[in-house]
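**Q** The residues making up each chain are set out below.
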Amino acid sequence: NAGVTQTPKFQVLKTGQSMTLQCAQDMNHEYMSWYRQDPGMGLRLIHYSVGAGITDQGEVPNGYNVSRSTTEDFPLRLLSAAPSQTSVYFCASSSAGTSGYEQYFGPGTRLTVT
Amino acid sequence: AQRVTQPEKLLSVFKGAPVELKCNYSYSGSPELFWYVQYSRQRLQLLLRHISRESIKGFTADLNKGETSFHLKKPFAQEEDSAMYYCALSHGSSNTGKLIFGQGTTLQVKP
Chain A
40 NAGVTQTPKF QVLKTGQSMT LQCAQDMNHE YMSWYRQDPG MGLRLIHYSV GAGITDQGEV
100 PNGYNVSRST TEDFPLRLLS AAPSQTSVYF CASSSAGTSG YEQYFGPGTR LTVT
Chain B
2 AQRVTQPEKL LSVFKGAPVE LKCNYSYSGS PELFWYVQYS RQRLQLLLRH ISRESIKGFT
62 ADLNKGETSF HLKKPFAQEE DSAMYYCALS HGSSNTGKLI FGQGTTLQVK P
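Sequence order for the protein chains is A and B.
Counting the first sequence from 1 gives a position; my numbering is that position plus 39.
Counting the second sequence from 1 gives a position; my numbering is that position plus 1.
Hints are not guaranteed to be accurate.
With the C-beta cut set under 7 Å, the calculated list includes, among others, these residues of chain B facing chain A [stated by the list, open to error]:
no., residue
1, Arg44
2, Leu45
3, Leu47
4, Lys99
5, Phe102
6, Gly103
7, Gly105
If you're looking for bench data, these hints aren't it; they were derived computationally from the structure.
Yeah, the Cβ is synthetic: ideal placement off N, Cα and C, and Gly gets one too.
Next comes chain A alone, as it looks inside the complex (with noise of 0.2 Å):
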């Protein structure tokens, strides 16, 4: 299993550009999520799925979208880049049955706002 992936692993965009942040799982997890880490806020939500079909916003959903379409796949658009927006995200997803609440990490897109 690859687990969690994601790409880019780096990405510069100009401010007002957009773009999708790719996010895949093979774990068959009803659960995903996108968060993003910055210097002394920890790992802030931003949006996440508990299923196919199903979405709903997190601390921080102003400026990305997402959808999921698959169980598997869990796009984050952002829509008008904006240097608020530098930061590095990471997915995440886990499963809902009892063998708990651990999510799996992806290794994280760094992206840049210019």
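Start from chain A and add chain B according to the hints.
**A** For chain B alone, coordinates are given in the frame of chain A:
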């Protein structure tokens, strides 16, 4: 408000010294508490969870509901313990895969 607080940005100790990484939480209900660790150039991974009451890599953490704390402890630090540590909270019975993270503490173990 639901919140996780890690008061120390950086904790620096010598090899062999005891370690305690502090975590306090604010939550109305029965949360699940976790410690996640991120080693250099590796992805974030689960270290331990309070419901399993286990010891992983010599680390333990006890949930103290009276003090709303979940401090991470290790009696003798090793150099390979150097990493970023995050305390996290999950909504207990209504698991939706969401975690609330603290700000993180960098543990530096000096030789």
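**Q** A separate judgement is required for each hint: does it hold in the structure or not?
**A** Taking the hints in turn, this is what the structure says about them:
no. : hint   : result
1   : Arg44  : 5 Å, holds
2   : Leu45  : 4 Å, holds
3   : Leu47  : 5 Å, holds
4   : Lys99  : 6 Å, holds
5   : Phe102 : 4 Å, holds
6   : Gly103 : 5 Å, holds
7   : Gly105 : 5 Å, holds
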